[in-house]
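Engineer: Next come the chains, spelled out residue by residue.
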Amino acid sequence: MHAMPILTIESAERLLKALEEYLENSEATFALILDRGGAILSQQGEIPPATDPVIFAALAAGSFAATHELALRIGETEFSALHQQGKRWHVLMTAINDNTMLVTVFGLKTTLGLVRFYSTTAVKRIAVILEHAANEPRIPIDLGTEATDASHEVFVESFRRG
Amino acid sequence: MSIINYVNKEIQFKIVYYGPALCGKTTNLTYIHSQVSEVHKGELVSLATAADRTLFFDFLPLNAVVVKGFKTKFQLYTVPGQVIYNATRQLVLRSVDGVVFVGDSQWDKMEENIESFKNLEENLVRQGTSLDQIPYVLQYNKRDLANPAPVHYLDFVLNNRSMRAPSFVGIATTGQGVFATLNAISRLLLQKFARENESAGAKQQSHATPTTATTALSGIAAAAARR
Numbered sequence: 001m002h003a004m005p006i007l008t009i010e011s012a013e014r015l016l017k018a019l020e021e022y023l024e025n026s027e028a029t030f031a032l033i034l035d036r037g038g039a040i041l042s043q044q045g046e047i048p049p050a051t052d053p054v055i056f057a058a059l060a061a062g063s064f065a066a067t068h069e070l071a072l073r074i075g076e077t078e079f080s081a082l083h084q085q086g087k088r089w090h091v092l093m094t095a096i097n098d099n100t101m102l103v104t105v106f107g108l109k110t111t112l113g114l115v116r117f118y119s120t121t122a123v124k125r126i127a128v129i130l131e132h133a134a135n136e137p138r139i140p141i142d143l144g145t146e147a148t149d150a151s152h153e154v155f156v157e158s159f160r161r162g
Numbered sequence: 001m002s003i004i005n006y007v008n009k010e011i012q013f014k015i016v017y018y019g020p021a022l023c024g025k026t027t028n029l030t031y032i033h034s035q036v037s038e039v040h041k042g043e044l045v046s047l048a049t050a051a052d053r054t055l056f057f058d059f060l061p062l063n064a065v066v067v068k069g070f071k072t073k074f075q076l077y078t079v080p081g082q083v084i085y086n087a088t089r090q091l092v093l094r095s096v097d098g099v100v101f102v103g104d105s106q107w108d109k110m111e112e113n114i115e116s117f118k119n120l121e122e123n124l125v126r127q128g129t130s131l132d133q134i135p136y137v138l139q140y141n142k143r144d145l146a147n148p149a150p151v152h153y154l155d156f157v158l159n160n161r162s163m164r165a166p167s168f169v170g171i172a173t174t175g176q177g178v179f180a181t182l183n184a185i186s187r188l189l190l191q192k193f194a195r196e197n198e199s200a201g202a203k204q205q206s207h208a209t210p211t212t213a214t215t216a217l218s219g220i221a222a223a224a225a226r227r
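Protein chains in written order, with this note's numbering: chain A, 1 to 162; chain B, 1 to 227.
Hints are computed from structural coordinates only; laboratory data are not their basis.
From a predicted model like this one, the values you see are computed outputs, not experimental measurements.
For every residue, glycine included, the Cβ atom is placed at its ideal position computed from N, Cα and C.
Worth double-checking, as some hints may not be accurate.
Straight-line distance between alpha carbons at most 27 Å, and here's what the computed BS3-like set of lysine-lysine pairs gives [claimed, not checked]:
#1 A:K124 x A:K17
#2 B:K192 x A:K17
#3 A:K17 x B:K9
Stretch-level coverage of chain A by chain B, calculated; a stretch enters the list once three of its residues show a Cβ under 8 Å from a Cβ in chain B [what the hints assert, rightly or not]:
#4 7-18
#5 41-54
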């Protein structure tokens, strides 16, 4: 079994479907499934303008990790959810399992109660999909000599500014 | 560990720049950010104090080469170097794929270099891993300052494990050695990824009928084509 799921087409589609239904029920705007290191496993919905999901994910994972440490410091095993309230946008972060978390962005069209209510079901469903995905065999990608050639530069000149 | 997404055809890696306070970790990321074209980079995010000292982390997402149709994405993080922020360093190290250890070449920083390297080893052990399992490279930074320690001495104190890691001299403020370091760690990560894939493929072939792997891959290609 792998520590992290392998996102085959099938498991990725299951995750997308789960997020789609969650957003529909909760009337939230945007949802992300992240590994706790900050990498995005799946995302669905419309992200608020000018928001880079990759950066959003890194910051959310950092924030959730810091909250987790706070919980440990006062003798809790974990704060399983974290809510951040703004004027127009709110964020709810919920633990899925030890390695992953669900981040939901929602606006004025819905309420925290409704989002929390549906997130409970969504998290359970996503946890099952991820567990299944984690047990899937790794499908080899033959990177060939392009990746293993010792003289190869990953960040070649063309990546630099002209 | 690296994350493979067959839908987006992406492989993501997390690289953490580690080292003592004020050794130049953030300067490495700032230089990289200033040099890479807009289409290949995201925003450089710094969670810093008012005095520009890293409080939580710096973060820079980069898109690199496309290998066999898979986009490679590298997420660069720095840790706060100050001793008091060890809990934060542990958080940033979570799910790390590769490490760049930035050492300060000044003689009076040797003790801090050694302490920070030991701290890295300890924090990796807490995460259930070690430098034997994670690719890492060393950068001896601040070579432009007066009377830096010789490279062989830095190798002696910091690069003395049974398997020596690639090491580079650097002046991160001018960019010297910055991309050489980044390319080296990225290459090591891709090589490790390729090795792991080879062994995963070999295992699958020994457990399955000869057509299974081909069928699975054809299935992915077909499903991807449908999208």
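Engineer: If a hint holds in the structure, say so; if it doesn't, say that too.
Structural biologist: Results for each hint:
{"no.": "1", "hint": "A:K124 x A:K17", "verdict": "14 Å, holds"}
{"no.": "2", "hint": "B:K192 x A:K17", "verdict": "33 Å, violated"}
{"no.": "3", "hint": "A:K17 x B:K9", "verdict": "19 Å, holds"}
{"no.": "4", "hint": "7-18", "verdict": "holds (count 6)"}
{"no.": "5", "hint": "41-54", "verdict": "holds (count 3)"}
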